[in-house]
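Student: With the sequences and hints as input, model every part of the structure.
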Amino acid sequence: MSHMTSLRHFKTRLGFPFRISHRDVKASVEEGRRGKAKTTTLSGFKMGQIEWAMWANEQAMASAGVLLLGGIVGVSGIFKNWGIAVYGIVIAVLIIVFEYPRSQRRKGNTIERKFQHILTPAVAALGPVSRNYYVRFALYLLFCIPCYFILPTVLGGMCLLVTSIIYFVAAIKGEQWIPIKKTEESRRLQTLEPPSRPPPRTPVHARRDEARAAEQRI
Amino acid sequence: MNMWRWLRGFLRNCGLRYSVVVLWIVLNAVVFTSTYRHWKYAPKYYYVHQILGPTLCISRGTAAVLNLNCGLVLLPMCRVLVSLMRFSRISRRSFRMLLDHCKGFHMLCGLTIVLASVIHFIGHLFNAANFSIHFNPYYVDVNGASYKGQDPLYIVAGSVPGITGLVLMLVLCTMATTSLYVVRTNNYDLFWYTHRFYLVFYFFLMVHAVRGVLKEQINLSRHSPGCDKENLNLSIPWPEPEHWDTQETVCEEPPVFGTVGCSSWMWVGLPLLVYLVDLTYRRCKQGHCTRILNVTEHPGDVLEIRVWKKGFKAKPGQFILVQCPAISSFEWHPFTVSMCPTSQCESFTIHIHAVGDWSGRLQQYLTGSEGWKYVLPPLASSKEDLDKRLVIEGPYGSPSGDILKYRVNVLIAGGIGVTPFTAFLHHLYSNEKLHLQNIERIYFIWMCKDLRSFKWFTQLLCRLYQKLWSLNRPDLLCIRLHVTAPVPGSQLKMFVKQYPLLEKRLYIGRRPDWPLTLMEICSSHKGTDIGVFCCGPKGLATNVEEECSRIWHKNANLFCHHESF
Numbered sequence: 001m002s003h004m005t006s007l008r009h010f011k012t013r014l015g016f017p018f019r020i021s022h023r024d025v026k027a028s029v030e031e032g033r034r035g036k037a038k039t040t041t042l043s044g045f046k047m048g049q050i051e052w053a054m055w056a057n058e059q060a061m062a063s064a065g066v067l068l069l070g071g072i073v074g075v076s077g078i079f080k081n082w083g084i085a086v087y088g089i090v091i092a093v094l095i096i097v098f099e100y101p102r103s104q105r106r107k108g109n110t111i112e113r114k115f116q117h118i119l120t121p122a123v124a125a126l127g128p129v130s131r132n133y134y135v136r137f138a139l140y141l142l143f144c145i146p147c148y149f150i151l152p153t154v155l156g157g158m159c160l161l162v163t164s165i166i167y168f169v170a171a172i173k174g175e176q177w178i179p180i181k182k183t184e185e186s187r188r189l190q191t192l193e194p195p196s197r198p199p200p201r202t203p204v205h206a207r208r209d210e211a212r213a214a215e216q217r218i
Numbered sequence: 001m002n003m004w005r006w007l008r009g010f011l012r013n014c015g016l017r018y019s020v021v022v023l024w025i026v027l028n029a030v031v032f033t034s035t036y037r038h039w040k041y042a043p044k045y046y047y048v049h050q051i052l053g054p055t056l057c058i059s060r061g062t063a064a065v066l067n068l069n070c071g072l073v074l075l076p077m078c079r080v081l082v083s084l085m086r087f088s089r090i091s092r093r094s095f096r097m098l099l100d101h102c103k104g105f106h107m108l109c110g111l112t113i114v115l116a117s118v119i120h121f122i123g124h125l126f127n128a129a130n131f132s133i134h135f136n137p138y139y140v141d142v143n144g145a146s147y148k149g150q151d152p153l154y155i156v157a158g159s160v161p162g163i164t165g166l167v168l169m170l171v172l173c174t175m176a177t178t179s180l181y182v183v184r185t186n187n188y189d190l191f192w193y194t195h196r197f198y199l200v201f202y203f204f205l206m207v208h209a210v211r212g213v214l215k216e217q218i219n220l221s222r223h224s225p226g227c228d229k230e231n232l233n234l235s236i237p238w239p240e241p242e243h244w245d246t247q248e249t250v251c252e253e254p255p256v257f258g259t260v261g262c263s264s265w266m267w268v269g270l271p272l273l274v275y276l277v278d279l280t281y282r283r284c285k286q287g288h289c290t291r292i293l294n295v296t297e298h299p300g301d302v303l304e305i306r307v308w309k310k311g312f313k314a315k316p317g318q319f320i321l322v323q324c325p326a327i328s329s330f331e332w333h334p335f336t337v338s339m340c341p342t343s344q345c346e347s348f349t350i351h352i353h354a355v356g357d358w359s360g361r362l363q364q365y366l367t368g369s370e371g372w373k374y375v376l377p378p379l380a381s382s383k384e385d386l387d388k389r390l391v392i393e394g395p396y397g398s399p400s401g402d403i404l405k406y407r408v409n410v411l412i413a414g415g416i417g418v419t420p421f422t423a424f425l426h427h428l429y430s431n432e433k434l435h436l437q438n439i440e441r442i443y444f445i446w447m448c449k450d451l452r453s454f455k456w457f458t459q460l461l462c463r464l465y466q467k468l469w470s471l472n473r474p475d476l477l478c479i480r481l482h483v484t485a486p487v488p489g490s491q492l493k494m495f496v497k498q499y500p501l502l503e504k505r506l507y508i509g510r511r512p513d514w515p516l517t518l519m520e521i522c523s524s525h526k527g528t529d530i531g532v533f534c535c536g537p538k539g540l541a542t543n544v545e546e547e548c549s550r551i552w553h554k555n556a557n558l559f560c561h562h563e564s565f
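Chains as they are written, first to last, in UniProt numbering: chain A, 1 to 218; chain B, 1 to 565.
It should be emphasised that the hints constitute simulated quantities derived from the structure, not laboratory data.
Only a predicted model underlies this, so the values are computations on that prediction, with no experimental measurement involved.
Ideal Cβ positions, reconstructed from N, Cα and C, are used throughout, including at glycine.
Where hints are given, some of them may not hold.
Said to hold, decoys possible - Looking from chain A toward chain B, a few residues come up when the C-beta cut is under 10 Å (computed): (1) 100; (2) 104; (3) 148; (4) 151; (5) 159; (6) 199; (7) 201.
Tutor: Right, dumping it as structure tokens:
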């Protein structure tokens, strides 16, 4: 992309701020048209850099909530095959515990859930089961199948299916679950040294004069 | 005394807003209770109530609440309507302050829709099970199940309300998870695209009750509900339903049942129509005759774009929605007009801070950076095609539209949030016919992390200051620039040498002390209504609003208008 290099060189010579007029932009387009730069067909439908795993995590928590509610309704005594409702409750609790610790974001600050530092080591200890999103996609796809056999857990199963699809997309994009490292807390725990001179403290210039006078005496 | 002062400030700044919320809660409660009582006591629902019990009334009550909120949730999003109401001559200051919180009301209605949907869904789970267990073999038409003991899953899956209900809940779950604060702030694109599912949601909502499972009796004049209960042997676990039919008992024929009609269109129809008309008007007014005249890069990844659009008129403080078709055909991003068109110059300026994906790509696209891998397709042959790089929608009003309606204005800006205020300063500078008698003082407090950020508007500040001196009003504008991070000495020297006027107005390494600053301003303007306008990060806006509600000093009233990003 030689025209891009020449324009960048032009920018760095002038420094900030500088003006790029309509002519310059048009010139770069003209050069592009002449084939000096690589061209790629524009796509009108383009989404930004989405972290799919973040959405999948929230969707998993919501699905677990729906499944838990459905399971509780299912064991209320009026539904047959209430064993599936019990299964739904167990799976929902497991998903909540598994998904509670958020992953470290690829860029930007990660907002931790409250007390997630307690569960993070346990989830991290699972190794590739927790790190790899293909595993989550497969697990949720399998877990949601029994939920379709009774009415109260059907919606939870559908939401879990959507979660598994989003995790599949996240896995394709190469995202991974990374435990959040505790760096800020260690910084906050630094103690300050107490002041070396107790009050009343003389001004700096007076202290300097004092020190010089003491040196001369010595 | 302090409690009284706090109450005065609270009522002044938040009173009307919370009154509307209380009114809305009361309205929801009235709708729920009246629908609940209607379904509990109306004689035409006797037989279906007999089968389903109290969960019938709960599910219908929440259905009415859902209908109400699905209608109300659309109204705050009618931008043209809200802008018209803001700028109409009959609107009062308190009403305009209320309009600043449209988005908050939209989120409140959204939250209520989610909660009501959950209760409605649970109610219908029990209804499906009760249809199966308490099948009425004597009056078969009233049943939702085909036979006693039918699996509730098949009752739901075999009906239009059942299928549409499951789809609605799934769409709602998707929209709700992407609307959460953590997802919305970090993946705004995702929130934007999934929120477009509202069209699917409203379509299924309209057809949700078509060929419904719930039945009402239609021959009440010939069959009083429960008139032959001695002959029927139905084991129902709850008491017999009461009804308020006081006419004499008639038992000429068995009951005849009909479907309960679909009533969602009555609640949602008008707001949806208003919203669609608003949306259509906005799409029609989108101008494609837009031309970029100039692009300037400023320190701190800020892009200044000077644009010309045919027939564009904006008032200071208004914002526009910008789309760049080359980057994305579906994304629209709001930016305040930092310098409005004047009688001498028809073009306007927007300042964009390239901090997200879209704005970063826009910066690379307009400046032709090396990392940008897209260039215009080779078929773009005419100048007009090259000029259609931005599509503009608007302008729309914002909370900053009330500046200069107060005698004393305090403009508090954080970072790029200065753009609404610079529009006003530019309006003061360029408008020859503006009467300054009504304005006593403008306090301009701008906080940035980097000293170089002030260069975005230093020329405007200096020129305005000199103009005010020439008009013998040097005390009209009081400028305070705060740099929150430490500044290298060489950088400070260079800045001061370039802009000597601003040297004594710079405060390095410290933020303003809001209680002190605001009380100092109140002391200088006793008994006056002071407009405090804040545009910046959410934390700043919240702090300033709290102090404005808390402080009441020397009879000066602080009215807080804030917008945050």
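Student: Each of the hints needs a verdict: does it hold here or not?
Tutor: Each hint, compared with the structure:
{"no.": "1", "hint": "100", "in the structure": "13 Å, violated"}
{"no.": "2", "hint": "104", "in the structure": "13 Å, violated"}
{"no.": "3", "hint": "148", "in the structure": "8 Å, holds"}
{"no.": "4", "hint": "151", "in the structure": "4 Å, holds"}
{"no.": "5", "hint": "159", "in the structure": "5 Å, holds"}
{"no.": "6", "hint": "199", "in the structure": "24 Å, violated"}
{"no.": "7", "hint": "201", "in the structure": "22 Å, violated"}
Checked against the numbered hints given earlier, the structure breaks hints 1, 2, 6, 7 and satisfies all the rest.
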